[in-house]
Amino acid sequence: ASRVSRDHYASSSVKIYRRVKPPQKVNKPKKPENVKDGQTEYAENLVKVQMISRNLHAQLFPQSPRSISEQQVSSAQAYKEELRRHGVDIESSAPVSDVQLKLPPLRGANIEEHFHNIAKEQVQPYEELLLPLVQCEKLPKRPRRWAFFAGWTAYDPVDGTATPVDHPLEKGLVFDVEVCVSEGQAPVLATAVSTKRWYSWVSSKLTKHRLSVEKLEPLDVDTDSERPHYTPDELIPLGTSGPGLVVGHNVSYDRARLKEQYLIEDTGTRFVDTMSLHMCVSGVTSYQRAMLKSKKEPAAEDLGWLEQSSLNSLVEVHRLYCGGDALSKEPRNIFVEGTLEQVRQSFQSLTNYCASDVEATHRILRVLYPLYADRFPHPASLAGMLEMGSAYLPVNSNWERYIREAQLTYEDLSIEAKYHLGRRAEEACSLLLDDQYRQNLWLWDEDWSVQELKLKQPPKRKPLPTVEHKNAGNTPEERRLQAKFQHLYDQQALLPARRPLLPGYPLWYRKLCRKPPTKRADEILEDDEEPWFPGASEISTGMQIAPKLLSLCWEGYPLHYEREQGWGFLVPFRSDSEGVDRLPMDQLLARCPVPEFARQSASKAESELALDMLPGQVEQHLGKREHHKKLSQKQQRLETQYQGSGVWCNKVLDDCCFFLKLPHKNGPSFRVGNPLSKDFLNKFSENVLSSGDPSCTAAARVIDIARMMSYWRNNRDRILGQMVVWLKPQQLPNELTGENAQPIAYGAICPQVVACGTLTRRAMEPTWMTASNSRPDRLGSELRSMVQAPPGYRLVGADVDSQELWIASVLGDAYACGEHGATPLGWMTLSGSKSNGSDMHSITAKAVGISRDHAKVINYARIYGAGQLFAETLLRQFNPTFSASEAKAKAMKMFSITKGKRVYRLREEFHDELEDRAYSSYEASRLAIQRNRTLAEVFHRPNWQGGTESAMFNRLEEIATGSEPRTPFLGGRLSRALEADGGPEQEQRFLPTRINWVVQSGAVDFLHLMLVSMRWLMGSHVRFCLSFHDELRYLVKEELSPKAALAMHITNLMTRSFCVSRIGLKDLPMSVAFFSSVEVDTVLRKECTMDCKTPSNPHGLRIGYGVQPGQSLSVAEAIEKGGGNDVSQWDWIKKS
Amino acid sequence: TREDNKLQLLSHGREYAKLLQQHWTRLRPLAAHLGVTNEAINPSNIHRFSFPQSQQFRNNFQKLVKDHPRKAKCPTLLKHQSTCYAPNSNSLFGVQGPSLLLTTDFLVEPHRALEHFYNMQRESKIWWMRISSNPSRYRIVPCDLGEDLNPKDYQAIDIRSSYGEAGEVTVEQLSLVRIADDKDFRLPDARTGETVQPTVIRSVIELETATCALLLDGCDHSRDSLSLLLHRVLAPYQCGIACVESDSELSADLADLCLHLKHVLNHAGLRIGEGIGFFSTKDASHLAEHLLETDMLGIPYTLVINGQTLKNGLMQLRSRDTRLAETIHISDVPDYLFNIFKN
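Chains A and B, in that order, are what the protein sequence lines are. Numbering-wise (this note's numbering), the first sequence opens with residue 1 and increments by one. Numbering-wise (this note's numbering), the second sequence opens with residue 1 and increments by one.
Please keep in mind that the hints were generated in silico from the structure rather than gathered at the bench. Built from N, CA and C at the ideal position, the CB exists for glycine as well. Be aware that a few hints might be false.
[Said to hold, decoys possible] Heads up, incomplete: computed chain B residues facing chain A, CB under 8 angstroms, no partners named:
1) H116
2) R122
3) L216
4) C219
5) R223
6) H260
7) E289
8) L291
9) G313
10) A325
11) E326
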């Protein structure tokens, strides 16, 4: 980006308009021509990026007809030059078909007004309910006494008279639910307040002491009786006539306990979450969160932001915005630890506690909402938050089946793994014979000691008690022998009271075994814990012995465990075993001869080590530091020669081999506790970690099993804890209960989404928003596909293709050139393709010499704000054979190609003194020091130059370093915690976070806009399901699903048009105008053809669950199936 | 040639087959046992789905309704055994026929048929895994149905045991058939009481083939010792007795003690070697040889006694799998051993 092009920033007012010539057909025979009124629809811009069809442009940018100035044409030459320099061939992109659509008329003069107006319309009914609450200075008086009636009770604001009601009379409420944790997740009591009066709700479980809760049994699968099953009747009704508005702190928790939220039809109630508002206004980074949690005295530079923020709990948030006395949370303990009976006994005080939380929430709202409204002025932000808070996941009895299959498969696999380990342990036992274990590279340092069974001395005088026999034998001969050996039986009394376990077996093995039962197996009662098996029944992959039994090697060296360092491996440096006692040196050398790097040091090392060790041995008190230093010098030398990924840790065993730690993902100072854990499972495929015993097929299998199980093990509790509410037949639409309906149970999950849960205002939810895609080697990873639309409904949605990349690149394009695709990054994003290697990831991969997938990860990391050092770490992680210098060189190269180099420009006051040109950072700091001034005093903020992404970074940094950073699309402000003015040092400290915030928070704006647009196009005909990462899904009646798909495509078009308009561009490239496809499917999955085969779903969705593949509709297909391209004629749009 | 590949079970093998058959009987204990028929059956793939039309299936169904009225509702299980004169062969071996077919028919509610089918696959696979020395050798292989069969009405899988590069053996076949509307085959739904047309899931195991597959499994391991790793519950001989006499005067007493132990173990229902049931030697090296032999016969445990045992009742319980011996007391016999073999 040159200074010249800066002048062409699209807001520049000087423009010379002239008509564009239609593209010359002779030269471009490929270009599609859909001629209408004698004019082609095709359009491209100055850098040959295809733009949206003419008819679309005319509808979306009515005030900005396409035109090109002379100046633009000349600067386009410069852009093209720059593109060519970065290996971009602008002729290489293939055109796509033009699209004819008649959109509904914009609500306003242009796309920006349009979105403002429709968002305003959408939030208006809710604002009308919210604002009176915000403005209400004094809530009605709390009743003196709460009525102990099941269901809702309303309290007269004057005299407190209690009247039972079906549900609260007003539609705007501040609300809080309490749950008795020991009794499950259903609510036990709740309080709410409107501007008019107080309400309380009490569960019938609490009022009826002996309530026979009706058992729900319509489930057609065997349900796990251990897990509770909820019905809507246990939940709190709010009525079905919307719109309604509920305010709460972490309100999604309360929402999940509202009855009507589970109905398939949306009732129009929306939720305002004070916690989300707080995150928007004062959210913190994870680092800051740790600081807030820490008890330590804060550093001076942290004081600024610490005043502006708090943790998320009601108490902390209340303290931040309202001050005053801290809220008491003590009564809460009864809900957390107590029983229903205890809740009953303290009913009045607990309801008061609940009501005081409602009051606190209201006080917070009064302060916080105006702050929020001020900082997030666009109505789409609130509209989007309300929509995000209404997520809905329909499930059916397949949910229960999924859980059962996953659990059973998990058990089966763990039994199998255990069995293999047990077999290996049994086999290893025989190494005790003739002390063979001394030669075993893995088991030599286990405890092989053996216990003996000895009889006590018989008492001198007393005879031993006689052991009775139930059956002394059937024949005289048998009875004779029984009598003959009776005295041996009587010696039972001489056995030690505590019998040693398995006398004759090595200690390590005994530790893996359980004591046998003292009773006979057939006398043991059924429910007497687990049945006893002989052998190593307690073994598991998590144990320290497991990697040893599997004879695991790292880079070919045997694994070894040291208490202080954790897991590592042994590398010999001596080629003889003389004087080595314990360690099986001959075996080690036979397996892995002394490697070159160790050999070089070995000749010296022997003497050096001896010297090193000597002072240590002779004089324990000798300066430890010096000793370390010596070793580390030698180590330094070794380290440079060693090419593997082990970590040197200053450890030599038996004066014959080095002990190197396994690399831990958090860095070299961490110790690896289990090489069979998740982080290492992938290393097996790379042959870095493998079994050193080629005949040990068990090792490969055990590792496979561990890999399969890890997903379920890590997510099981959250998945089992999902609150599924099963609907009763009368709560279902008629189609699902009719004559021919399948006898299947239907239910729903209201995922507990925090609408804005992070600093960047991304939504958070622990189960669904982090759910993995289904993978054949991940047990239970078909989770998402278990969200299944009821018959007659479809899940419609799409994945916004590389959303963040586009946001970042379009910011750069608009800023530097005012033209789509005019920066190399912009062009690659819009017109590059994976297939011909012209996309960003392929180009960087090629330039640096790494794989495209790896380049992709690093590219994203960079755009998210990660630096060169991080890229280096990633490179080494991807490819352990890279040496440190190699990785460094590659990362450097990559950054200079992409980010470019940093250049400094003099401040005007120094122009007389020095030449006004670009200075490198080295030059700049030297000049500053010479003048005894800071860098910032002499120079402007530095710029990036010469890289494919320089323009983007310059724009991002410009936004991020502003005094009031705002998101580019909706103008939302950065959290106060990062805004707090802390000087340039502070700015630098949070710069990566702020840059990341620009893009990610921009993506959140984008999502909120999409939600608003979908609602505008489809009205109440779609129900929002879920949005995670870049995906968005709606529940729609089957017959409307093609229209919903088309609406998704149009939503993409309009949202992007809005975004580019906001940053000064009045046109949109065709390649990003529509989704590449919109999925119309019956289940939630990334792509509608994925069969989601996993270990727990071995037959796949189609055969195993009878789920057919869905449809994937391009915009053309959606137009065709959705009833033509005149969207303005859709019934509900015509009417409105 | 084909004939060279034919295997025939000898006495130990037949004994093992018998135990396997008993083990099968105990699997899915709620089934109605309909005994043995001597009809000739050819279980080839072509007929895999036609069994509901067979007379034998018809008879079984009537027998269920008549003899087991309480079990005659959906879901229910039928077990029966029949002789097959042309057993299937596989890539590894054939079995000298005739062969005993162990058949389980699972009659289930049609709308839950697939779920039951998958459950049964899983259960069966686990059953094989549990009685094998290497549980990882089993896999479920779906059968290609061809175009003309609707997967909603017909499904079939084989459970195969794999022996590395040598090949695979089908140990069990599971097939699901939705019976065409037939008023003769109707059962009440156990849950709702409604009369339904059950869907049948059939499991077929060829006893001799399965026996050979499991014996192969016992030998196919990577240990250096030549053990036959039979599951302790199915081993034809579970426990051997060996005694080392260093002092000839004691030999009569030791023999008596061996005999006594044999009685005790027999009483407990444990299977011990034939003949006099114990081995005795004066030479410790002979004992080692003997133990190698018992390993090769797949005997999981051997009680080793010596002169000392006569004094204090202490003896060694030597295990085939660990090749180590544990010291136990005579008063532990037989309960400790009983517990070992129970599960």
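Hints, verified against the model:
1. The interface hint given for B:H116 is broken, as the beta carbon of that residue sits about 10 angstroms from the closest beta carbon of chain A, more than 8 angstroms.
2. Because the closest C-beta pair between B:R122 and chain A is about 7 angstroms apart, less than 8 angstroms, the hint holds.
3. For B:L216, the suggested interface contact is broken, since its CB lies about 16 angstroms from the closest CB of chain A, more than 8 angstroms.
4. At a threshold of 8 angstroms, the smallest CB-CB gap from B:C219 to chain A is about 15 angstroms, leaving the interface hint violated.
5. Hint on B:R223 holds. Least Cβ distance to chain A is approximately 6 angstroms, under the 8 angstroms limit.
6. Using the Cβ-Cβ criterion of 8 angstroms, the hint placing B:H260 at the interface with chain A is satisfied: the shortest such distance is roughly 4 angstroms.
7. For B:E289, the shortest C-beta to C-beta distance to chain A is roughly 15 angstroms, which exceeds 8 angstroms, and the interface hint is violated.
8. Given the 8 angstroms rule on beta carbons, the hint for B:L291 is violated: about 11 angstroms separates it from the nearest Cβ of chain A.
9. Taking 8 angstroms as the C-beta cut-off, the interface hint given for B:G313 holds, the closest approach to chain A being about 4 angstroms.
10. About 5 angstroms separates the beta-carbon of B:A325 from the nearest beta-carbon of chain A, less than 8 angstroms, and the hint is met.
11. At a threshold of 8 angstroms, the smallest CB-CB gap from B:E326 to chain A is about 5 angstroms, leaving the interface hint in force.
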